[in-house]
Amino acid sequence: MFNFIPSIESRSQPSAYMNILVPIIAVLLTLITGSIIFYLMGFDPIFALYTFFISPISNSYGVSELLLKASPLALIAIGLAFCFKNNIYNIGAEGQLTMGAIFGGGIGIYFHDVNGFWLLPLMIIGGAIGGAFWGMIPALLKIKFNTNEILTSLMLVYIALLILDYLVVGPWKDPNGYSFPKTRSFNESGRMPLLFQGLRIHLGLIITLVLIFISWFVFSKTMFGFQLKVSGFSPIAARYAGFNQNMIIYSAFAICGACAGIAGLGEVSGPIGLLYRDISPNYGFTAIIVAFLGRLHPLGIIFSALIIALTYLGAEDAQLFMQIPAAVGFVFQGLVLFYLLGAELLVNYKIVFKH
Amino acid sequence: MNEILKINSITKSFPRVIANKDVSFSIKKNSVHALLGENGAGKSTLVKILYGLLRQDSGEIFFNENLLNISSPSDARKKGIGMVFQHFSLFESLTVRENLILGIDEKISYSLLKNKLNDISSRYQLTLDLDAPITTLSAGEKQRVEIVRILLQDPQLLIMDEPTSVLTPQEVTNLFKTLDALIKEGRTILYITHKLEEVINLCDEVTIMRNGEVIDSCSIENQSAETLATKMLGERLGEIKTDYSHISEKINFKVQNLSVEFNDPFLTDLKKINFDVKEGEIFGIAGVAGNGQSELMDFLTGENISFDSGSIVFGNTNIEKFNPKKRRDLSIAFVPENRLGHSAVPELSLSENILLSQFPNNNFINNGIINNQNIETHVNQVINDFNVVTPGSDAKASSLSGGNLQKFVIGREISSNPKLLIISHPTWGIDAGAEFAIRESLIRLSKKGTSIIVISQDLDELFEITHRISVIFEGYLSSSYKTKDVNLEKIGLLMGGHKNV
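Line by line, the protein sequences are chains E and Y. Heads up: the first sequence runs through residues 6 to 360, numbered per our numbering. Heads up: the second sequence runs through residues 298 to 798, numbered per our numbering.
Hints listed in this document are in silico derivations from the structure and should not be mistaken for laboratory results. Check each hint, because a few of them may be wrong.
Heads up, simulated EDC-like pairs for lysine to aspartate or glutamate below, C-alpha to C-alpha not over 16 Å straight-line [what the hints assert, rightly or not]:
1. E/K226 with Y/E673
2. Y/K622 with Y/D595
3. E/K234 with Y/E644
4. Y/K745 with Y/E546
5. Y/K326 with Y/D501
6. Y/K716 with Y/E546
7. Y/K623 with Y/E600
8. Y/K325 with Y/E300
9. E/K90 with Y/E644
What follows is a list of derived Cβ distance ranges for each label pair [what the hints assert, rightly or not]:
10. E/F358 with Y/S355: 27 to 35 Å
11. Y/L399 with E/L45: 42 to 50 Å
12. Y/L399 with E/M46: 41 to 49 Å
13. E/F343 with Y/Q553: 53 to 61 Å
14. Y/T433 with E/F222: 48 to 56 Å
15. E/V336 with Y/P312: 46 to 54 Å
16. Y/S368 with E/M23: 33 to 41 Å
17. E/I10 with Y/D728: 34 to 42 Å
18. E/M23 with Y/F473: 55 to 63 Å
19. Y/P466 with E/R16: 41 to 49 Å
20. Y/K745 with E/F358: 53 to 61 Å
Where is the CB? At the ideal position from N, CA and C, for every residue including glycine.
Take the sequences, apply the hints, and build the full model.
Structure follows, in structure tokens:
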């Protein structure tokens, strides 16, 4: 009798070469599938792909917009790498981002009529603390009650969003804002300085690059990076080595939360300059894809953040010029993740049909 | 003929070991037949073949005088062979009833199942609460579910793999009553164990295996715990030349009344463990696996520090609350049993694996930053000194053979010149060359004044290298004997749980 359900067997020696190719293959397959979808929707696939991936970055304004979106994605993703390397599945970066924006933005609102060079650094620190604080909650629950961090960190996202909602329509509402759900604007000294005149890209990009460099250093050169790696590969070996695993879990969550919090603060103190309801187009969730697409490696994360940011821009352009629903952008993100996980499985396992 | 099962020269080999070598014996109908042997004697492989989980390389099995040709456990159950595993295969979140239904191969009506269950429960005194979720049951109750599940299929031959290993004494008594009832009905039981008392009290016949071969298959009459122990362990030849001259009188390490209750059927409680080790002495702890060795090891290394009572003293320091890192700072080194994933991380290189266990004199880390140069020098020294065969220090731990990785791990620990080395199963699963090198290096280390604790199942090893020896059985540690004065029979009896030695 032929068995139609294949079994999955582990490969004894996964190819190192294919391992590096996985993200590239995933992106190629996404493009192919994307053009098929475009074709079925009645669009010229070549033109659609051009509108999606080339035209958004064909001028300096487009490149600036790309970097503006890639920067928070990369920053959150590098923070997530601290958790994921340690096999902690913190998927609540969106909430940590929101809390960072609330803490840092709150400082901005409090000092809205004060001008000082210290204001922006203080807000950035506030953002980091807010995000770290929100990240420490699932860490505490995991350590004290052995709760699943996937659930708790996700639930905390919605709590953070509702707190923000409450603040912008309630206590922090702009007194001169005609009851719009927004706060008053930050002082000019509480805004991220622009890097180039006329373009929206701001200091946040530099902060992201610096933090990514520091993360690379921590991952590859320090004992803490080593401890993260060991307890991710084998908690038993980490216990044998005598590493303080609770400390590692707290640190990973705190670092991840701080990165997301700074990213959130960068969003509100960047182009907008005030707190409002929808500060993030799901950056916290999309960054999960960025982190994995970049193989949790600092350099990989920079590239994957650029690719994913492009799907955001492409979706806007495609909607504008071709009347393709913007949701197609999320379809592309989903496809990338799907092919990435699929390709990764096939590198490590093979599918066997047995008689 | 009244033989239910006849095994005819079964051979089964795995890539590195011959698990069953020309195994032949037969089981009489309506008897309790014991299969006795140490860990690794080949018992499990043999019953896995009988139950269709493995296939023999050669040889045949006759069941009720017909050639038995099965390829899966469900085949085996259809033919009338059932098995109760040592580790339960139940769905923890489902109820007893759901587990029983899932275990039945053919379709069965609900009312018929209920009748059958009532019948089985009353006949064998196997009372079950059908609506209880499995998680809420004790180990004994879970085993009852397993037995009922098998009995629903009405097997003629029931294989039981170390059934008492997870039970309380009370539950053992109940199990034996059930087994009695099964025998009275004309069923046959193949009973796998390493406990001598059980063989003598419960079984009619016994087959003893050692190193994959059948040593003897005979009636239990005229057998005593002593004769069985000797057969199980074999005669060890050769004069033991243990050198005691370098051992000082100074006690270096002392464990007093260490007790712990885990409330977990898969862990062995430790009961008032007492022992001490002198400077330069090698102290051996013998015993069949699963009698509390790994639990004790965790307390000795500091990987687990929550026990109920007792103390662990090194020199003049109470160290029972120290984690492994703090113990290493006092110059205590550890080699746990498992290499991959415990004493070494397979995915990391040898250089990185060096970092797992750092001693005060290492200088691998300056202010949290890794000093690759110092590590590189040290790794290459370990690789050279201990003849580790590897393409280089950047090779992943998983790419090394078991013996080479073990030499590397032990080298890493010994090179720190520890005052105390605690090592579990030092030569488990490695080739003869590496085995010799490791034993030699342990003896050399002890001559430098290091105290060594060796936990091992390998009696040859313990007799070869230790100065004193104790046996652990069901969480009790026996008093210790000088290795040169003790004989194998005595150790064998202690390992089999015979207390009156």
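Enumerate the violated hints, using their earlier numbering and listing them in ascending order.
Failing hints: none at all.
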